[in-house]
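Two chains, two frames, a set of hints: combine them into the complex.
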Amino acid sequence: MPAPVAAQTESRSHHRSSVILVFCCTLIGATAQLLIKSGSAHTGKGGFVGTLLAILTHPPLLLGYFLYAVNTALMVLALRKGDLSMLYPIIALTFVWVTILSVMMFHDELNPYKVIGLIAIVSGVSVLGRGRKA
Amino acid sequence: MKTSPQAILLVFVSSFLGSFGMVFLKAGAGRLERNLKSLLTNYWLMAGIATYVLSSVLYVIALKSGELSILYPMVSLGYIWALIWARIFFKEPLTPNKFVGLGMILIGIACIGAGSTH
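Protein chains in written order, with this note's numbering: chain A, 1 to 134; chain B, 1 to 118.
Only chain B is shown next, with the shape it has when bound in the complex (with noise of 0.2 Å):
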């Protein structure tokens, strides 16, 4: 099976809308209170599950026509999008740990995709 462009755009495209899905899920669980009325208007959770569930969408149609092998590693490109939301809209501190691990997890996924060619 050949991976068509299609298949990598849309894994490119899912990799992007999943990493703002988890930016919009925190900011949604930041403003969690006990309440359903909250709950209910809680527009960032709704947002953050709306990107998730297309990106997740995306990313079943494009596995269904391509080679894990390439389509694998990519998806660990929302890990890297993720990380630098996380550092422009939370300040959150990059230590050295996230980026060995981070570099760690890639090689990982990388080499998965690489033992899953048909």
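Bound-form chain A, shown alone (with noise of 0.2 Å):
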């Protein structure tokens, strides 16, 4: 039996509004990946508390944290109206963010594997974000 359509239209806004949430989740979460990278070696190996004063006193670091902190918030949201099983792999696009910005900022190099394996990300989450046609 089809949905009544006010419901049916309901359910695809949660849907978007919930892609879109992780979506900037994953682009917050390379940001903080790539803060907590270029801050490492401020952590150094001073044990727990050595760490937790380096992440006080580096602002990067700190920002980096920060910035995870709002991505669980975020994902916290996102989950409250859209599926777990359609939410979590589409976090799987911080890996692209990361590696394009690692080629960009840290000149890592760019070679035929991560380009499929980018392509492939891109394209997967984009049939997962298609939304649900059960």
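Wrong hints could be hidden among the right ones.
[Unchecked claim] In the EDC-like style, the derived pairs of lysine to aspartate or glutamate whose C-alpha atoms are separated by at most 16 Å in a straight line are:
#1 K37/A with D108/A
#2 K81/A with E33/B
#3 K81/A with E92/B
#4 K2/B with E67/B
What the hints contain is simulated information worked out from the structure, not anything from laboratory work.
Here you go:
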């Protein structure tokens, strides 16, 4: 039996806002990862207290971990209305941003494997994000 | 660099914990209300955050002592666990789109891992 039109439209807009939230999560998560990577020289081997101190006194690290917190909050909001089985794999887009940004910022090499990987992930996410045709 | 069995085990545990972290976060998300007290007593949310942090710590430790080409594809195991938990705990429908999309993502992550050998 088809769902009432109003309910269907509502569920579709929920679906879309969840996907957009998780999409933002992947951008924020990639930024956080790169900030933490760029600041990782500062953490050294100071044990737990040393690492904590390094995070609190080094702005890029602090911002990186703060962004992770923001990320988690956005993920919770997305999970409120969206399917876990659809939203969680979208996080894999983070791999895409980190790979591209690492090439741009840290001059990591880009090889055919990585390019194929990027294309496969983006295609996979677009299939997932297409919506539920249950 | 050779990947130690410990690193592989760590990533395996990390992917497992990470997927459970998401289950807890979703359970907590369903119980969200607009007041501070309910937020502070939302134990599902706290369990989710704790599990997620633990999973990330294990992941970072593992990545320091192993090859990305082996460890990256293992991270994506977490997505497969999550698919199973979502079906069991939240009765989510498993549509063809989810399987095809996830399959492509797994292949993509494996390729990026393969391209990350130094």
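Verification of the hints:
no.	hint	result
1	K37/A with D108/A	holds (13 Å)
2	K81/A with E33/B	holds (14 Å)
3	K81/A with E92/B	holds (12 Å)
4	K2/B with E67/B	holds (7 Å)
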